[in-house]
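Protein chains in written order, with this note's numbering: chain A, 1 to 387; chain B, 1001 to 1329.
These are calculated hints, taken from the structure and not from any lab test. What you are looking at is a predicted structure, and each value in this text was computed from that prediction instead of being measured. One should not assume that every hint holds.
Below 27 Å or equal to it, Euclidean Cα-Cα: the simulated DSS-like pairs (lysine-lysine) are [unchecked claim]:
1) Lys-218/A with Lys-1295/B
2) Lys-174/A with Lys-365/A
3) Lys-254/A with Lys-1304/B
4) Lys-227/A with Lys-1295/B
5) Lys-1235/B with Lys-365/A
6) Lys-243/A with Lys-227/A
7) Lys-1235/B with Lys-114/A
8) Lys-1153/B with Lys-218/A
Chain A stretches covered by chain B per the calculated footprint, using a threshold of three residues with CB under 8 Å from any CB of chain B [stated by the list, open to error]:
9) 62 to 71
10) 89 to 102
11) 283 to 292
12) 359 to 366
Simulated DEER-style distance windows between Cβ atoms [to be verified]:
13) Leu-233/A with His-1248/B: 38 to 46 Å
14) Asp-1191/B with Thr-334/A: 39 to 47 Å
15) Asn-369/A with Asn-1018/B: 37 to 45 Å
Virtual Cβ for every residue (Gly too), placed ideally from N, Cα, C.
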Amino acid sequence: MRTPLIVALLLATPLVAACTENAKGGGGDSGDARTVSVTSTDDGCDVSTAQAPSGTLTFDVTNAGSQVTEFYLLGEDGLRIVAEVENVGPQLSRQLVVNAPAGSYFTACKPGMKGDGIRADFTVTKSADEPSVSADDQELVDAALTNYSAYVQDQSDQLVAKTQEFVDLYKAGKDDEARALYPEARTHWERIETVAESFGDLDPRTDAREADLEPGQKWTGWHRIEKDLWPQLAQDYTPLTPKQRAFYADDLMKNITTLDNRVQGLDYTVDQIANGSRGLLEEVAAGKVTGEEEYWSHTDLWDFQANVDGARVGFEGLEPIVEQKEPELAKTLTTRFADLQKLLDAQKTDTGFTFYDQLSQGEIKDLANAVNALSEPLSQLTAAVLS
Amino acid sequence: MTRGLPAGEIGPTEGSINLPPDDTGEAIGLPAGGLTITFGFGPTLFRDDDGRDRFGLADRQPQALRTLPHFPADVLDPAKSYGDLCVQACADDPQVAVHAIRNLARIGFGTVAVRWSQLGFGRTSTTSTAQSTPRNLFGFKDGTSNIKSEETKDVEEHVWVAPGADAKADWLAGGSYLVARRFNMNIEIWDRQSLGDQEDFIGRTKDTGAPLSGGTEFTEPDFSMPGSNGPVIAKDAHVRLVHPDFNHGARMLRRGYNFVDGSNAIGGLDAGLFFIAYVCDPDTHFIPIQNAMAKSDALMEYVKVTGSALFAVPPGIEPGEYVGQSLFA
C-alpha cells in the first residue's frame, strides 16, 4: 500500500498595491489658536506662539535636531510638569494634548534630554472654555497612590502567608488540602499580577506555564506544582518524589518572599495604577477567559475574579480623579465592573467557583463579552487620569 | 495555469456533457493574475516520525530539514502544522490562487492528500523596491527591511542554498528553505494599547514606519541612540530583536500574508500574520531569530503561534524538467 503524502497548501494573494498615499491629516486645524507648533533643534526651541486661550491645547512637536528631544509644559514655578512628551526622534513629530487653565507657564525643549531645557514664557489667557480645576487634585493623587501602595503590600503579605501554608501541605503530601488552597493562595498573586510581572526575573520562575518555556529552561513555580497535584490530563506522567516536591515548594516560597521584599520599596504613579488596571483585564482576556492559565486544575475563575478585584481596586482609587476629569467614563466603568461581577457571582460555589471545564460555551461567551465591554473603556483610563 | 490556461487538457466547459469538467471553472475569464506556484518538501517526506526511510530518499535529506523545535508561546495545532509536501500559490486575485490549489489537490487525490491549507490576503512584505510597504493587522508597515529582489547579492547570500553547503543534499543547491508560521494576533487586546505603546513595542512609528530613532521609513534604526528611559528604540522592541545587527547579519526573504479565518469561540477575530520566509539555512537564519523574539520581544504578549512547518524548496527547473527533478536524479 502506498502511503498518501500529506500536502500543506499555502494560498496567498497579494492585493494590488495602492498607488496613492493619503494626505497627512490635521491640516484643517492649523489656524486654530489652540494649536501650537514647536520645532526643537539641537540648540533651539521654536514655539509658534507664546500665548493661547485656555482649554484643550495641542502642541505639534517636531524634532529638527540630530538627537532625541523632549518637550515640556511647565507650571509658573518652572518645576511642576503640567504635561510632557518624551522620546521624539530626529525628524519625527509627536503631539501633546493638554487641558490648560489660564495662567503663566514655561515651554521647554530638551534636546539630548540634558539640562533644564530651552525655555520660554508661555501665557494661557482666560476663555469661555476655561477648564475647571480643583485645588485638591494633588490630594486626590496622593490619596490614590498611598491607598494603592497599601493594597499591594497587604496582598503581598497574604500571598506570603497563604503560599507558606500551601507549600507546607504540598510537601507533607496532604494533596486534597493543598488542592483546595492552591486557587486561594494564587488569588493574592493574581490581584497584583501586573506588579509581580514587572519583575522580569521572578515572573517566569513563579508563574510560567509549560508552553511558555524556552528550550533548556527549567520549569518551576505554581504551575509545575499544579500539574503534579492534578495529573489526570497528563500523559505518562511521573509524579514528583518527596524530594522533588520539596525542591519546587521551597523554590516557589523563596521567589514569593523575594517578591514581597521588593514590593515594600515600590512607589507608584497614577498612570502605572491605571495601566495596571487595564493590564489585569488583559490577563483575563488572554489567559483566564480562555481557560489556558490553569490548564491542569481548571481553577481559572478564581484567577479571573482576582484579576478583576485588582483592576477594580486600581480604578476605584483613581475614581475621584476620573470623576473630575471625565465623569462619563467613571460612570461607564462603574457599571461595566458591576455587570462583569454579576456574571462571576453567578459562578460562585461553596468552595469558590465553578471549574472552567464545567462552564458551558454560552457562559464563557457571556464572560468574554463582559470582559470586552469593560476593557474598551478601561483602555481610556490612563489618558483620562493624565489629562 | 500560470499562463492563464485551464488545469486540464480539455477545459472547464469544452468536454463531454456526461463527465465532470477537468478544470473546475472558477477562473474562467480571469487573467493569470501573476500566479506563481512554489513547491517544497517537508522532513517527513524523507523519514517518518520514527526515523525510518519512507521512500528511499533518507540519504538525501538536507541537514537543516527537521521539524522546527518548540519555541516559547508555540501553541501548535497539528491540524495546521507540518506536512510532507507544500504548495504555495500566489496571485493578484484570491480566486486565481484558490483555483490553482483546488485543481492541484484534485489531480493529486489518491497519491497525495490535503493536510491543511491557509488563505492569506494583503501581502505583508515588499519583495521589490517597486512596491510600497503594506501593513499587517497590527496596523503597522511590515517588511520594510525585507530582502528585495533587486538586492541580488543579499538574495544570493541569505536566500539560496549555496552549492556545497550541504554535502548530502546538493540537489538543494540553488533552492531554499520555506518557513511557515501561523501567528495568531490577540487583535482585541492589541487594539486597546495606546499609540505610544504600540510604537514602542514595534520600534517604529505607525504613521510613516520610521524607526523611533528618527528619519523616514528606510532610515537605518540607530539602536544606541539614547532616549528618555534607556535607548529610544526599546530593548524589547521588535525591530531591534529581529534586526540583522543582533542576529549575526542574518536576513530573510519574507513572503507572508495577513489572514482572517472568521472568529473564535469567544467572538475574537481568528486573525493574524501567516509568516512565510525563505532562507538559505533555518539553523542560522530562522531558529535563533525566532528564539530571540519568543524570549524577549514586546510583541509576544499579543501573538500566539498556532501553526508551523518547514520545507525545502528545490531549485528552479529548465523547460522539459519536472519540479524537484534534482532530488530524484
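Now for the hints, and whether the structure bears them out:
1. Lys-218/A with Lys-1295/B: 14 Å, holds
2. Lys-174/A with Lys-365/A: It is violated: about 36 Å lies between the C-alpha atoms, which goes past 27 Å.
3. Lys-254/A with Lys-1304/B: 31 Å, violated
4. Lys-227/A with Lys-1295/B: Status holds; Cα separation ~23 Å.
5. Lys-1235/B with Lys-365/A: Given that 27 Å is the threshold and the Cα spacing comes to 37 Å, the pair is violated.
6. Lys-243/A with Lys-227/A: The hint holds at about 16 Å.
7. Lys-1235/B with Lys-114/A: OK: Lys-1235/B and Lys-114/A at ~21 Å, within 27 Å.
8. Lys-1153/B with Lys-218/A: Outside the cut-off at roughly 42 Å; violated.
9. 62 to 71: holds (count 4)
10. 89 to 102: holds (count 4)
11. 283 to 292: holds (count 4)
12. 359 to 366: Contact hint for the segment 359 to 366 of chain A vs chain B: holds, 3 residues under 8 Å.
13. Leu-233/A with His-1248/B: 38 to 46 Å: 40 Å, holds
14. Asp-1191/B with Thr-334/A: 39 to 47 Å: Roughly 23 Å apart at Cβ, these two residues miss the hinted range, so it is violated.
15. Asn-369/A with Asn-1018/B: 37 to 45 Å: 53 Å, violated
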